[in-house]
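Q: In case you want the letters, here they are:
2 protein chains.
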Amino acid sequence: MPNIKIALDAMGGDFAPEQIVKGAVLAANDPTRNFDILLCGPEAIVKEELKKNDYSGDAITVIDAPDLVAMDEPPTQVLKTKPKSGLVTCVALQKQGIAAASISAGNSGAMMAACLMILGRVANISRPAIACAMPTAKRQAILLDCGANVDEKASVLVDFALCGSVYAEAVMGYENPTVGLVNMGEEEKKGPEVLQEAYQLLKQTPLNFIGNIEGRDFIKGHADVAIAPGYAGNVILKLMEGFFELAHEVFGEVKTEKAKEFDLLWDYRNHGGGLLLGLNGVGIITHGRADHIAIRHSLFTACKFARAGVPAKIAEKLSAIKVSTEHTH
Amino acid sequence: MPNIKIALDAMGGDFAPEQIVKGAVLAANDPTRNFDILLCGPEAIVKEELKKNDYSGDAITVIDAPDLVAMDEPPTQVLKTKPKSGLVTCVALQKQGIAAASISAGNSGAMMAACLMILGRVANISRPAIACAMPTAKRQAILLDCGANVDEKASVLVDFALCGSVYAEAVMGYENPTVGLVNMGEEEKKGPEVLQEAYQLLKQTPLNFIGNIEGRDFIKGHADVAIAPGYAGNVILKLMEGFFELAHEVFGEVKTEKAKEFDLLWDYRNHGGGLLLGLNGVGIITHGRADHIAIRHSLFTACKFARAGVPAKIAEKLSAIKVSTEHTH
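Sequences listed follow chains A and B, in order. In terms of this note's numbering, the first sequence has 142 at position 142, counting the first letter as 1, and numbering is strictly consecutive. In terms of this note's numbering, the second sequence has 277 at position 277, counting the first letter as 1, and numbering is strictly consecutive.
Hints may contain errors.
It does not matter which identical chain is used: a pair holds within one copy or between any two.
[Said to hold, decoys possible] Think about it this way: if two alpha-carbon atoms lie no more than 27 Å apart in a straight line, the pair counts; the simulated DSS-like pairs of lysine-lysine are:
1) 80 x 190
2) 220 x 304
3) 153 x 190
4) 52 x 5
If you are wondering where the hints come from, they were derived from the structure by calculation, not from laboratory data. Computed from a predicted model, the values in this text were never measured in an experiment.
With the sequences and hints as input, model every part of the structure.
A: Here's what the structure looks like:
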């Protein structure tokens, strides 16, 4: 089987192109790699960076994409006026069947829009969500939505649960993953109206729904998949980053086994970025501050994601749920 | 000046009456104490506990309150059928002018309802909020609402900002405290509609509004007062507790100066509990898992809160804002 190809936006993020190219080279030189990399950006600039990294192997192909996208450029404008940007190109290559996944650390709204417009959604999934693998006291949990949506309806939260559950099973290898709704109390009747409604809907799905989980439970790892509205999910994501940074500052010199485990599990550079779930394809939005370590992990995560065939599995699970829901009526 | 009196529900919380009475004795024996304690609960039980603690001083008076309140009893039912509970009694004593503040670690919904019904709101404050002093990388920040409300309107969030700002100034001694809105991005147009609306309203107040803050900024201590809907505030509060517990587990044996500082600042037992802001009086909801250390801190916090005259200052600031808003029209 030939290697699959992962398309990477070389010009996205605060430290592009330097850290992006460095991360691509790091992955390319990894003996466990079973994918090739399509590095999308202005050819001369990207090749210059590759030269700085002394890379001359054939795992990386540069795809010329001269347009540049600013971090705050309106997404629709990017799609219209920057078709030859690294960001749009890495998604278009997937649509063309050349790449199996697309990664950008750049303008996240534009990346979301590009994936949505170019790849489209899985049928019957209303809105894609950003899912992140988060550290807990036990094993990693999938948190979604981490900020792709706002003011969601209850049915959208159910879609999140479905997508997250499939991801946890197919990519993380969790059997019958537990799904929790991040809320302000454990009782069914607690919290915002939309969450109370989602609670009732989730009970009716065949997902392994364990009810509401509070912030403490999330950290303790009570749920494999934690569902939150985009607003709350984003706040949680950023708090976890802030907490890791603070812990690193306070306990940085500590080198006990436990401390090393904590560092490994909590460093967001090791989490592979924000996975767009609900798309007809594989899109990853990596942290704007992504360095080469983060980019390397995103590439490996993208490969796992693509090989697991998550979009098809989400579609499959959706129809299974439809059938089971019809049976119960 | 005679000591003010703080009324404490002896029967509230997971470890009542043992830890509550122990905390009261700890405070009573503290030479820096400038308040007396009214310990409300079934007289025989409370006196028995005091005996176990070998306390015979006159800083603690037992107020007989034989009714018992369960943690999950509906608030309205508690008010109607348990008027002689420690919870209701400690609030009633304040209404009668005997106590200057009321504290319970028990049924938080019932405590909120008792304070609201018995003490009432500051005029023109729509809903009281639970405010908590939270650790940050800099100094403590006031986070509100920590879960008293759900699905708030934008104007309610503005009330939170006002109350929190007054508290930070009057009790924490912060000069012109900065106020941030916890959101999923820094731009005005980010996040749920209600936050976008609140942003515009907050800009028009004379508060020191610094705009949106993300989860990372909150931990870094960018805002002295962090405003969030009750749902998000509660999730943040519980996450911070979870972080602290995890860090304690991972780094517990570490005894560097930095680690000790972290322990002191992040241990939620040192934070005084949830302060009800917007009431015509002083109400504190202490953590259900409060131990004697937490109870001792709640007593000292209640005393500071009462002496600072927060409710009157909130009313004052409200009229000042009304005047300034009228001027600008």
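Q: Does each hint fit the structure? Answer for all of them.
A: Hints versus structure:
Only between protomers do residue 80 and residue 190 lie at most 27 Å apart by alpha-carbon distance; the minimum there is 22 Å, versus 44 Å within a single protomer. Proximity of residue 220 to residue 304 under the C-alpha cut-off of 27 Å is restricted to the intra-copy arrangement: shortest distance 26 Å within a copy versus 34 Å between copies. Both within a single protomer and between protomers do residue 153 and residue 190 lie at most 27 Å apart by alpha-carbon distance, with minima of 17 Å and 18 Å respectively. In this assembly of identical chains, the alpha carbons of residue 52 and residue 5 lie at most 27 Å apart only when taken from the same copy (23 Å versus 72 Å across copies).
Consistency note: the structure conflicts with none of the earlier hints.
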